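Colleague: Sequence:
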Amino acid sequence: MKNRISISFFFVFLFLVSCSFLENKKSEGHLVSQKPNSYSFQYQSELTHQFLKVGPSLQISIGQFAVQSFSSLVAETFANQSLTEKQTKDPLEPNSIVLNRIQVNRTVVFEEGTTKFKYATFSSIVEFLLVKPSGETVRILGHSLPIEIHQIPFSPEDGESEGKIAGSLHSALEEGLNQIFTLQAKGNENESRNMFQR
1 MKNRISISFF FVFLFLVSCS FLENKKSEGH LVSQKPNSYS FQYQSELTHQ
51 FLKVGPSLQI SIGQFAVQSF SSLVAETFAN QSLTEKQTKD PLEPNSIVLN
101 RIQVNRTVVF EEGTTKFKYA TFSSIVEFLL VKPSGETVRI LGHSLPIEIH
151 QIPFSPEDGE SEGKIAGSLH SALEEGLNQI FTLQAKGNEN ESRNMFQR
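Reminder that position 3 of the sequence shown reads as 3 in UniProt numbering, one-by-one numbering, no gaps.
In case anyone wonders, no lab produced these hints; they're calculated from the structure.
Mixed in with the good hints, there may be bad ones.
[Unchecked claim] Computed beta-carbon distance windows for the label pairs:
{"#": "1", "residue 1": "E157", "residue 2": "Q87", "range": "36 to 46 Å"}
{"#": "2", "residue 1": "K118", "residue 2": "G55", "range": "12 to 22 Å"}
{"#": "3", "residue 1": "K89", "residue 2": "Y119", "range": "17 to 27 Å"}
[What the hints assert, rightly or not] Lysine-lysine pairs mimicking DSSO-like chemistry, simulated, CA-CA at most 30 Å apart:
{"#": "4", "residue 1": "K53", "residue 2": "K118"}
{"#": "5", "residue 1": "K132", "residue 2": "K186"}
{"#": "6", "residue 1": "K89", "residue 2": "K118"}
Here the structure is a predicted model, which is why all the values come from computation and not from measurement.
Heads up, the beta-carbon is just placed ideally off N, CA and C, and yes, glycines get one too.
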């Protein structure tokens, strides 16, 4: 009889612990999903004037690509959020995520021992500033993997470089935002090393 009571008590205890664990996990997931919504999204105004020179008299607005892509990511992910412009003189606001800098890297590869074009790659780096409620600022870098093209970039035969650059920036933005939300979920934010070329 005593054994039956002990076993019954054990199963009741196990049931209560399981319910408590599931309730905690549910609450925790809700908090994580809601956290990023408390932040505003901004971009530095000078980004819209950032160009990449791709020929003697040709340049493309990589800043516009980045801002448009960032805006679409924010709109797709957060129904009630929008992207706003931050002027250089404006102070950083607590509870904000700011697209601060962008960089597009190009590499051209030739066949070994020749000057014959083989392929080219584009890759991007973006820098976000995550401003905590306390005002502390954390720098987060987003990187894209190299995207390969097999025509000389921006030659008459090339019809894909501009799209590849835009896609590269989009990937870097996604990677950076994912880092921010992962850090927010873990509650353990670490500064990323500044890998921009000097």
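Colleague: All hints, please: hold or fail.
Modeller: The hints, checked one at a time:
no. : hint                   : verdict
1   : E157 / Q87: 36 to 46 Å : holds (42 Å)
2   : K118 / G55: 12 to 22 Å : holds (20 Å)
3   : K89 / Y119: 17 to 27 Å : violated (43 Å)
4   : K53 / K118             : holds (21 Å)
5   : K132 / K186            : holds (14 Å)
6   : K89 / K118             : violated (45 Å)
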